[in-house]
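*Asks:* From first to last, the protein sequence lines are chains A and B.
For the record, in the first sequence the residue sitting at position 15 is 15 according to my numbering, with numbers rising by one throughout.
For the record, in the second sequence the residue sitting at position 124 is 124 according to my numbering, with numbers rising by one throughout.
Heads up, some of the hints might be wrong.
Copies of the same chain are indistinguishable here, so a pair counts whether it falls within one copy or spans any two.
Straight line, CA to CA, 30 Å or less: simulated BS3-like cross-link-like pairs of lysine-lysine [as the list claims (entries may be wrong)]: (1) 227 to 5; (2) 313 to 227; (3) 51 to 257; (4) 51 to 191; (5) 313 to 20; (6) 366 to 233; (7) 17 to 366; (8) 191 to 266.
Calculated from the structure, these hints are not laboratory results.
There are 2 protein chains.
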Amino acid sequence: MVNAKPLVSIISAGMSKFGKHDGLLTRELFAIAAAEAFSRCPKLQPKQDIKAMFIGHMGEAYEHQGHTGSTLADWAGLAGIPATRTEAACGSSGVALRSGIYAVLSGLADMVIVGGVEKMTHRTTAEVTEYLAMASDYPFEQFHGITFPGLFALMANAHMHAYGTTEEQIGMVAVKNHYHGSLNPKAHMQKEITLQNVMGSKYVAWPLKLYDCSLITDGASCIIITKPELAKKYTDQPVHIVGTGQASDTIGLYERKTLTSLQSTKLAAKTAYEMAGVTPDQINLAEVHDCFTFAEIMHYEDLGFCKEGEGGKLVERGETRLGGHIPVNTSGGLKSKGHPVGATGTAQAYEMYLQLTDQAEKRQVKDAQIGLTQNIGGSGATAAVHIYRRDQ
Amino acid sequence: MVNAKPLVSIISAGMSKFGKHDGLLTRELFAIAAAEAFSRCPKLQPKQDIKAMFIGHMGEAYEHQGHTGSTLADWAGLAGIPATRTEAACGSSGVALRSGIYAVLSGLADMVIVGGVEKMTHRTTAEVTEYLAMASDYPFEQFHGITFPGLFALMANAHMHAYGTTEEQIGMVAVKNHYHGSLNPKAHMQKEITLQNVMGSKYVAWPLKLYDCSLITDGASCIIITKPELAKKYTDQPVHIVGTGQASDTIGLYERKTLTSLQSTKLAAKTAYEMAGVTPDQINLAEVHDCFTFAEIMHYEDLGFCKEGEGGKLVERGETRLGGHIPVNTSGGLKSKGHPVGATGTAQAYEMYLQLTDQAEKRQVKDAQIGLTQNIGGSGATAAVHIYRRDQ
Chain A
1 MVNAKPLVSI ISAGMSKFGK HDGLLTRELF AIAAAEAFSR CPKLQPKQDI
51 KAMFIGHMGE AYEHQGHTGS TLADWAGLAG IPATRTEAAC GSSGVALRSG
101 IYAVLSGLAD MVIVGGVEKM THRTTAEVTE YLAMASDYPF EQFHGITFPG
151 LFALMANAHM HAYGTTEEQI GMVAVKNHYH GSLNPKAHMQ KEITLQNVMG
201 SKYVAWPLKL YDCSLITDGA SCIIITKPEL AKKYTDQPVH IVGTGQASDT
251 IGLYERKTLT SLQSTKLAAK TAYEMAGVTP DQINLAEVHD CFTFAEIMHY
301 EDLGFCKEGE GGKLVERGET RLGGHIPVNT SGGLKSKGHP VGATGTAQAY
351 EMYLQLTDQA EKRQVKDAQI GLTQNIGGSG ATAAVHIYRR DQ
Chain B
1 MVNAKPLVSI ISAGMSKFGK HDGLLTRELF AIAAAEAFSR CPKLQPKQDI
51 KAMFIGHMGE AYEHQGHTGS TLADWAGLAG IPATRTEAAC GSSGVALRSG
101 IYAVLSGLAD MVIVGGVEKM THRTTAEVTE YLAMASDYPF EQFHGITFPG
151 LFALMANAHM HAYGTTEEQI GMVAVKNHYH GSLNPKAHMQ KEITLQNVMG
201 SKYVAWPLKL YDCSLITDGA SCIIITKPEL AKKYTDQPVH IVGTGQASDT
251 IGLYERKTLT SLQSTKLAAK TAYEMAGVTP DQINLAEVHD CFTFAEIMHY
301 EDLGFCKEGE GGKLVERGET RLGGHIPVNT SGGLKSKGHP VGATGTAQAY
351 EMYLQLTDQA EKRQVKDAQI GLTQNIGGSG ATAAVHIYRR DQ
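Next up, chain A with everything else stripped away, as it sits in the complex:
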């Protein structure tokens, strides 16, 4: 049993269904997630108890709407509290969580709601691609026409070249995550696929095919965190955050020493592991940032779940599938649950909350004590890693 000391404790969590929400505004979508979090915790008096809000929201272009911190606070019934939007591309709510932890630990805000949201499906794929590209380097990447599938394809290429990782192994991540997503009633796509489906799908940027790419999705998520000593006043089943790490890297791939791993993930993970006093082999389950299937393989290695270069074999052996020794992305991940970019970081925390309170139903990991989430921005210029522990 691991006795990592809690930094903060999660007393509730909420998430909209991920998918297509025609006709809803970002603010309405977030209110759905907040309402679930409030209703899960009857002892909470939101307007009175919650002292600050941090919201991950990536794209003001989708609705021509910035300043979303205050807007979402109002729509969640919390107008008045300090409400701050954080943006770090697809890592926006991972860094919101980190910012919320600072706030609770500061003593200035005993209870904080952290969340994220993105409304994307009302835009065309071309528009979404353009908006997402803002998270990569304008003068050195965007300007030359490369978008995210291309950037991750470069990394996949380098990994295949260095370690012999195969297209099939990469495709197995999609198969696994779709299987997990088929067990999650809030996932965008709830259907299993085969390796043949993946291998037969169209190339987007070699070696990545359509089925290697995460989804364009609408969704919102949030968790409510407080001081560990206050948590039991609100719930019998808190989940403790025992480690937090955040790191940055160059925004452009061209400046990095390697394309086969993310320095930001390694740094953030090192900080989080040390703070928690936990080693990678003690992690029972993880949600990692599978914006493209290949990325998940790289993350296994950067997070220490296997040795460098062995991520492909890890998924091939089924070790990261439900029932394996370290199930990864039991929620379905970005690939099958969907990737409403600003919402993704705290949606990972939502899954961890369900798993570590035995509420994950068909996809429940038995006896899980310690979980990890890893959320990145863009091609890895930002990474946020958090470690969670079941209440004992």
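Based on these hints, arrange chain B on the given structure of chain A.
*Replies:* Here is chain B on its own, set in the frame of chain A:
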């Protein structure tokens, strides 16, 4: 003498010249501000000492570039540290400062750089107006064609109707701030104007005329904050932050109970004053958010510098001019120093740093002990108020 207890201490500060910086990218502009802050503090080893960064940056549209936290960390020579962009419209770096204070107080980051930046002048006025509008309510304001001059004109109208505030009094804010700006070598416009210039300028949205509006400006600013007990290791002249308040309000004006004051400012100020143990009459100087001249009059009242409805008379009597009993916007304010939106909040803190270390040269306020900054987002859906004390 006021003995408010420091929360955090500023050990250095930097600011680019505000104005037109043709050919520079946002990241390069910020690097100028960071370099000044580093060079002002020779004992600082930035890469080693600084543990986190919060950056206010409002508009990803200007350069088709989001994810600016990590980007600016890299360009400032700090790649690797946790770097988070905060966005709350024109209050983006006011909330970055608040977020940085949480981080220092949390114990997870002893030293933090907080700053802000905006590169605006390479865009047309129509583009800038459109991008700024994203900080107002899309469905209920933008959609109907109202932009920020119109929103602040509504408030000015209501104030004139309720209290008899005059167009001349509103114009006197511009005259005062241009006088102050003429003494600031980093101000965008360094020229005095007359009340006749203001009154004769074209109406933008009655009663606000061209000279009542702040400037479209390029600029960057930052401060470096640390625990009070560490500050003296780095500088003999720290400036202490003794109070912090942040609050939100409805994004749309239509939902508010009044148009003659900002609830967010009042709430944030109340929190900051109480934390500092300071009353409004103890404030020796202030930087407030004069995005439009009228706003400054409303802020006087909301911050308690005078009674409700008497802000117009306060400026008319010259009490907020250098030499008056509470000089406001000695930097020139947004009106004359300029308003690179994301940079404005920490540019206010930069001015406070100079003033409370006797480095403000021609615009130095003598014997100032306590200062206040107030930074708002949009039409006041966000407000951040900070109180500063000279080292004793």
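*Asks:* Now look at each hint and say whether the structure bears it out.
*Replies:* Consistency of the hints with the structure:
Both within a single protomer and between protomers do residue 227 and residue 5 lie at most 30 Å apart by alpha-carbon distance, with minima of 12 Å and 24 Å respectively. Within a single copy, residue 313 and residue 227 get their C-alpha atoms no closer than 40 Å, and across copies no closer than 47 Å, so neither meets the 30 Å cut-off. Within a single copy, residue 51 and residue 257 get their C-alpha atoms only as close as 42 Å, which misses the 30 Å cut-off; across copies the closest is 22 Å, which meets it. In this assembly of identical chains, residue 51 and residue 191 lie within 30 Å of each other by CA distance neither inside one copy nor across copies; the values are 40 Å within and 44 Å between.
Proximity of residue 313 and residue 20 under a CA criterion of 30 Å is satisfied in neither setting, with 34 Å inside one chain copy and 55 Å between copies. In the homo-oligomer, the alpha carbons of residue 366 and residue 233 lie at most 30 Å apart inside one protomer (27 Å), although the nearest pairing across protomers, at 52 Å, exceeds that limit. For the identical chains of this complex, residue 17 and residue 366 are intra-copy neighbours only, at 24 Å inside a copy versus 59 Å across copies, given an alpha-carbon limit of 30 Å. In this assembly of identical chains, residue 191 and residue 266 lie within 30 Å of each other by CA distance neither inside one copy nor across copies; the values are 33 Å within and 52 Å between.
Violated hints for the displayed structure, listed by number in ascending order: 2, 4, 5, 8.
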